Amino acid sequence: MAFNPELGSTSPAVLLDNAERLDKLVNGSELTEPDRAGVELDTWRGMMAKNDEIRENLIPLSKQYMTLAAAQADIANIPEGSSTYVRSPDSSALADEYMNVAGTLTATGRRMPSQAAIQAVLDYISSLIATDDADSPLLTLNDEAGFRLAAFGLNAIQSNAMTAEYDEFIDGFVFRDSVGFVIQQIGTPLLSSVDSVQPVVEQQRLVTEAFSAESDADISGFVFRDSVGFVLMNLNGEQSNQNNDGVDDISRRNAANLAAAAAARDEINTRIARPVYDYNILITDGQSLSNGNEGWAALSKDIRATLNINMLGDSVRPKNENGSTFTPLNGAEIRPARAVVQDLIAPPDGGNLMTDEAVAALPRGANNFGETVDIGAMWMWREMQLQFRGLTTDERKIVAVNCGVGGQIIEHLSKGHSWGFYNRIISAVTQIKAIADAEGKTCGVVGFLYLGNEYNYDSTKGGATDRAEYRALLRKLIDDVITDTTAITGQTEPPLTVLYQTSGSWTRDSTNMSIGEAQLDICAADANVMMASPAYAVTDKGGHLDANGYRWLGMQFGKVLHRAIDRRQNWRPLQPLSVTLSGTFLRADFLVWSPPLQFRSCYVGSSPTTYAAKGFRVTDDAGDVPVTRVEIVADTVVDITLGRETTGDVYLWYASQTGSNGNGNLFDSDTTVAVANYEFHEGTGQYPESNIPELVNRPYPLNNPCVAFRRQATII
Numbered sequence: 000m001a002f003n004p005e006l007g008s009t010s011p012a013v014l015l016d017n018a019e020r021l022d023k024l025v026n027g028s029e030l031t032e033p034d035r036a037g038v039e040l041d042t043w044r045g046m047m048a049k050n051d052e053i054r055e056n057l058i059p060l061s062k063q064y065m066t067l068a069a070a071q072a073d074i075a076n077i078p079e080g081s082s083t084y085v086r087s088p089d090s091s092a093l094a095d096e097y098m099n100v101a102g103t104l105t106a107t108g109r110r111m112p113s114q115a116a117i118q119a120v121l122d123y124i125s126s127l128i129a130t131d132d133a134d135s136p137l138l139t140l141n142d143e144a145g146f147r148l149a150a151f152g153l154n155a156i157q158s159n160a161m162t163a164e165y166d167e168f169i170d171g172f173v174f175r176d177s178v179g180f181v182i183q184q185i186g187t188p189l190l191s192s193v194d195s196v197q198p199v200v201e202q203q204r205l206v207t208e209a210f211s212a213e214s215d216a217d218i219s220g221f222v223f224r225d226s227v228g229f230v231l232m233n234l235n236g237e238q239s240n241q242n243n244d245g246v247d248d249i250s251r252r253n254a255a256n257l258a259a260a261a262a263a264r265d266e267i268n269t270r271i272a273r274p275v276y277d278y279n280i281l282i283t284d285g286q287s288l289s290n291g292n293e294g295w296a297a298l299s300k301d302i303r304a305t306l307n308i309n310m311l312g313d314s315v316r317p318k319n320e321n322g323s324t325f326t327p328l329n330g331a332e333i334r335p336a337r338a339v340v341q342d343l344i345a346p347p348d349g350g351n352l353m354t355d356e357a358v359a360a361l362p363r364g365a366n367n368f369g370e371t372v373d374i375g376a377m378w379m380w381r382e383m384q385l386q387f388r389g390l391t392t393d394e395r396k397i398v399a400v401n402c403g404v405g406g407q408i409i410e411h412l413s414k415g416h417s418w419g420f421y422n423r424i425i426s427a428v429t430q431i432k433a434i435a436d437a438e439g440k441t442c443g444v445v446g447f448l449y450l451g452n453e454y455n456y457d458s459t460k461g462g463a464t465d466r467a468e469y470r471a472l473l474r475k476l477i478d479d480v481i482t483d484t485t486a487i488t489g490q491t492e493p494p495l496t497v498l499y500q501t502s503g504s505w506t507r508d509s510t511n512m513s514i515g516e517a518q519l520d521i522c523a524a525d526a527n528v529m530m531a532s533p534a535y536a537v538t539d540k541g542g543h544l545d546a547n548g549y550r551w552l553g554m555q556f557g558k559v560l561h562r563a564i565d566r567r568q569n570w571r572p573l574q575p576l577s578v579t580l581s582g583t584f585l586r587a588d589f590l591v592w593s594p595p596l597q598f599r600s601c602y603v604g605s606s607p608t609t610y611a612a613k614g615f616r617v618t619d620d621a622g623d624v625p626v627t628r629v630e631i632v633a634d635t636v637v638d639i640t641l642g643r644e645t646t647g648d649v650y651l652w653y654a655s656q657t658g659s660n661g662n663g664n665l666f667d668s669d670t671t672v673a674v675a676n677y678e679f680h681e682g683t684g685q686y687p688e689s690n691i692p693e694l695v696n697r698p699y700p701l702n703n704p705c706v707a708f709r710r711q712a713t714i715i
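Here numbering that gives the first Met the number 0 is used: the first residue of the sequence shown is 0, the next is one more, and so on.
Worth flagging that the hints you see were computed from the coordinates, not collected in a lab. Be careful, since some hints might not be right.
[Claimed, not checked] Listed below are the simulated DSSO-like cross-link pairs for lysine-lysine, each with C-alpha atoms no more than 27 Å apart in a straight line: (1) Lys23 - Lys49; (2) Lys414 - Lys460; (3) Lys414 - Lys475; (4) Lys432 - Lys475; (5) Lys460 - Lys440; (6) Lys432 - Lys460.
[Stated by the list, open to error] What follows is a set of in silico ranges between Cβ atoms, one per label pair, in the way DEER data are often shown: (7) Gly245 - Asp89: 26 to 36 Å; (8) Glu693 - Arg474: 38 to 48 Å; (9) Glu266 - Pro692: 37 to 47 Å; (10) Thr391 - Ala365: 56 to 66 Å; (11) Thr429 - Asp457: 50 to 60 Å; (12) Ala36 - Pro112: 33 to 43 Å; (13) Thr429 - Arg388: 28 to 38 Å; (14) Thr627 - Thr429: 50 to 60 Å; (15) Asp620 - Asn366: 35 to 45 Å.
In this text the structure is predicted, and so the values were computed from the model without any measurement. Glycine included, every Cβ here is placed at the ideal spot set by N, Cα and C.
Please construct the entire structure, taking both the sequences and the accompanying hints into account.
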C-alpha cells in the first residue's frame with residue numbers, strides 16, 4: 000500500500016484532502032469512498048446498508064414462529080430466498096424449515112430433530128450391540144418387519160446370502176450359502192511363518208495364503224476373495240455380483256449344482272418294496288418299445304443261471320400279442336430268463352419261438368419281437384445287487400412279465416378300456432401268485448417299468464397330447480397298477496415305478512414336447528417314480544430299437560433299479576435346474592448325478608451322431624434364434640451363445656424335433672460298467688451297419704444322457 004506523500008505527512012494539501020474525504024464518508028451518497036492509497040472504504044451509508052442486510056437475514060433465523068400462519072404474516076421481514084423455521088406440530092422434530100418463494104413460505108423438507116428423535120436412534124443402535132459374552136451377534140441389521148438381514152459377531156458374519164463362521168475343527172472359517180451348503184473352507188492361519196504368500200496386515204487390506212480382504216469404495220466395505228481371486232462375499236453381507244468375466248458366476252452356480260446333486264444322492268427312500276419275496280415280480284408295460292418290437296436277433300440267450308432271473312413261460316412276453324389275458328408261452332411255469340424272438344402268425348397259432356435260421360431270414364423292417372429292456376434290466380440289476388451284497392447267488396427269484404402292446408395310446412392301456420389290455424397285468428401277477436401259493440412261498444411286485452407313449456405325441460391317433468391331461472392319465476395308470484397288484488400279492492410296500500422318457504424321432508415340438516415333460520413332472524412329484532433314461536442315446540432301427548439298443552437301455556434300467564431298490568437312493572437323471580439369459584448369452588445349470596458333463600455322440604440308427612448345437616435349440620417370440628456356440632464351462636454348467644438379440648419370452652429346448660430330431664449330445668460321466676457287451680454276429684439277422692467297431696465286444700457305455708426338455712429362460 001503506497002501513500003504519496005507518505006503516511007503521516009503534515010502537508011497542507013494532505014490535510015485538505017483528508018477533510019474533503021471525511022465529508023464524503025459522512026455525508027456522501029456513495030456506499031464506498033477511496034482513501035489516499037486508492038483502497039475503497041465503507042461510507043456511513045454503506046455501513047448502514049450492510050447492517051440492514053444482516054438484520055434482515057438474522058430476523059427469520061432468530062425470531063421464533065409458533066405457527067406457519069404467524070410466519071407468513073411476517074413475510075415482510077423474511078427476505079425472498081431466505082429460510083426460516085416454524086415449530087413442528089409433532090414431537091418427532093423440533094422445527095420445520097420454510098423458504099420465502101415469491102412471497103410465500105414453502106417447505107424445504109428439512110427438519111431440526113427433536114431430543115426424542117435423537118434418543119430413539121441412540122436406543123435402536125444400542126439394542127443392536129451386544130455387550131455380554133453370549134454367543135449372540137455383536138451387531139444385527141434387520142428390515143422394517145424385524146427380519147434379520149445381517150449379523151456380525153466375534154466368530155461369525157451372517158447375511159441372507161451367505162454365512163462365514165469360525166470352525167474349531169479346521170481352526171478357520173467355513174463359508175456357507177443361504178441354504179447351508181459349504182462354498183469355501185479357510186483353515187489356514189491368518190498369520191503363519193510357513194505361508195507361501197507373505198501375510199499382509201494393513202488398515203485397508205488383509206492378505207493370507209487362504210484368502211484376502213480389501214477395502215472397496217463401491218460397496219463402502221470389504222471384498223473377500225479366495226486364494227485364486229474369486230469373490231466369496233462382500234462385507235455388507237451380499238454375495239458378489241461382480242462379473243470377473245463370468246468366472247465367479249460359473250464357480251458359484253457350479254458349486255450350488257454340485258451341492259444339489261450331492262444332496263439328492265444322500266436322500267434315502269424307505270417307501271418302496273424291497274426284493275425280500277421268494278418271487279419278486281418285475282412288470283413291464285407300454286407300447287412297442289416295451290415289448291421289443293424289431294428287437295431281433297436276440298442276444299441275451301445264455302445268462303448265468305446263478306443270477307436266478309426268470310420269466311413266466313418261455314418268454315417274458317405272453318404268447319398272445321394282444322388280448323386281455325397273459326397267456327404264458329408253452330405253459331405257466333417259472334423258467335430262467337432269456338431273450339427270444341417270436342413269430343407274428345395270427346392268434347391263436349402265433350407267438351411261437353423262432354429258430355435262429357428263421358430269424359436270420361427275416362426281411363429288413365420286420366416287426367417281430369425279440370430282445371427286451373426288462374431282460375437287460377434284470378440281468379444288470381441282479382449282478383449289481385449280488386456284488387453289492389457280496390454274494391454269488393440268491394435263492395429269491397426275480398420274475399419278469401412283459402405285458403406291453405404295440406401301437407397304443409395310453410388311453411388304450413389304461414384300466415377300464417373296453418379292449419382290456421390293462422388286464423394282462425392282472426392276469427400275469429395272478430398266475431405268479433398262484434404258483435407261489437402252491438409252493439408255500441411269498442411273492443410281491445417290486446418294480447413297474449413303463450415305456451410309452453409315442454402315439455400320444457401323434458394327434459392323429461386320438462390320444463391326449465396335452466401335458467397336464469397326459470400326466471393325469473399316466474398318474475392314474477401307475478396308481479391303478481400299484482393298487483391292483485399289491486392287492487393280489489398282499490404286500491404293504493408299493494413297487495418302484497421306473498419310466499423311460501419318450502424321445503427320439505417320436506418327439507413333437509408342436510405340443511412343446513408335452514409327453515416327455517409330463518413324464519418328468521411325475522418323477523419330480525413322486526419319489527417312488529424315477530426316470531431311467533431317455534431312449535435317444537442307443538442304437539435303433541428307425542423308431543424301434545435294435546437288439547443291442549434294447550439291451551443297452553435295459554442296462555440303464557438295471558442300474559437305476561439297483562441304486563433305487565438296493566441302495567435306496569433317490570435317483571435323478573441328468574436334467575436342467577435353471578436357464579438364464581443375458582443379452583445374447585444363455586447359461587444353463589444342470590443336476591448331474593456323475594459329474595462332469597461331457598459331449599458324446601448319440602446313435603441315430605447305427606450312426607454315431609454329433610449335432611452342431613449338441614441338441615440345443617433356442618426360440619423367442621420371433622421364432623428360432625441361431626445358436627452359434629455351445630460350450631461346457633464347468634462340471635454342471637453349459638454356456639450357449641446366440642446369433643442375434645432376442646425378443647419376448649425365450650425358451651431353451653434340448654432334444655427337440657426341430658433342432659435334432661429328438662436327440663442330443665449332452666451326457667454325464669457315469670463310469671458304471673455294463674455287465675453285457677455290445678455284440679455283432681454276422682449272419683444272425685443283425686443289420687450290417689450295426690457292426691460298429693468302437694462298440695463291438697465292449698461294455699455298453701452307461702453315461703447318463705440328458706433328458707429332453709423345454710425351459711423358459713430368466714432374463715438377468
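Going down the list of hints, with the structure as the test:
{"no.": "1", "hint": "Lys23 - Lys49", "result": "holds, 18 Å"}
{"no.": "2", "hint": "Lys414 - Lys460", "result": "holds, 19 Å"}
{"no.": "3", "hint": "Lys414 - Lys475", "result": "holds, 9 Å"}
{"no.": "4", "hint": "Lys432 - Lys475", "result": "holds, 24 Å"}
{"no.": "5", "hint": "Lys460 - Lys440", "result": "violated, 44 Å"}
{"no.": "6", "hint": "Lys432 - Lys460", "result": "violated, 36 Å"}
{"no.": "7", "hint": "Gly245 - Asp89: 26 to 36 Å", "result": "violated, 52 Å"}
{"no.": "8", "hint": "Glu693 - Arg474: 38 to 48 Å", "result": "holds, 40 Å"}
{"no.": "9", "hint": "Glu266 - Pro692: 37 to 47 Å", "result": "holds, 41 Å"}
{"no.": "10", "hint": "Thr391 - Ala365: 56 to 66 Å", "result": "violated, 39 Å"}
{"no.": "11", "hint": "Thr429 - Asp457: 50 to 60 Å", "result": "violated, 33 Å"}
{"no.": "12", "hint": "Ala36 - Pro112: 33 to 43 Å", "result": "violated, 51 Å"}
{"no.": "13", "hint": "Thr429 - Arg388: 28 to 38 Å", "result": "holds, 30 Å"}
{"no.": "14", "hint": "Thr627 - Thr429: 50 to 60 Å", "result": "holds, 59 Å"}
{"no.": "15", "hint": "Asp620 - Asn366: 35 to 45 Å", "result": "holds, 43 Å"}
Of the numbered hints given earlier, the model fails hints 5, 6, 7, 10, 11 and 12; all others are met.
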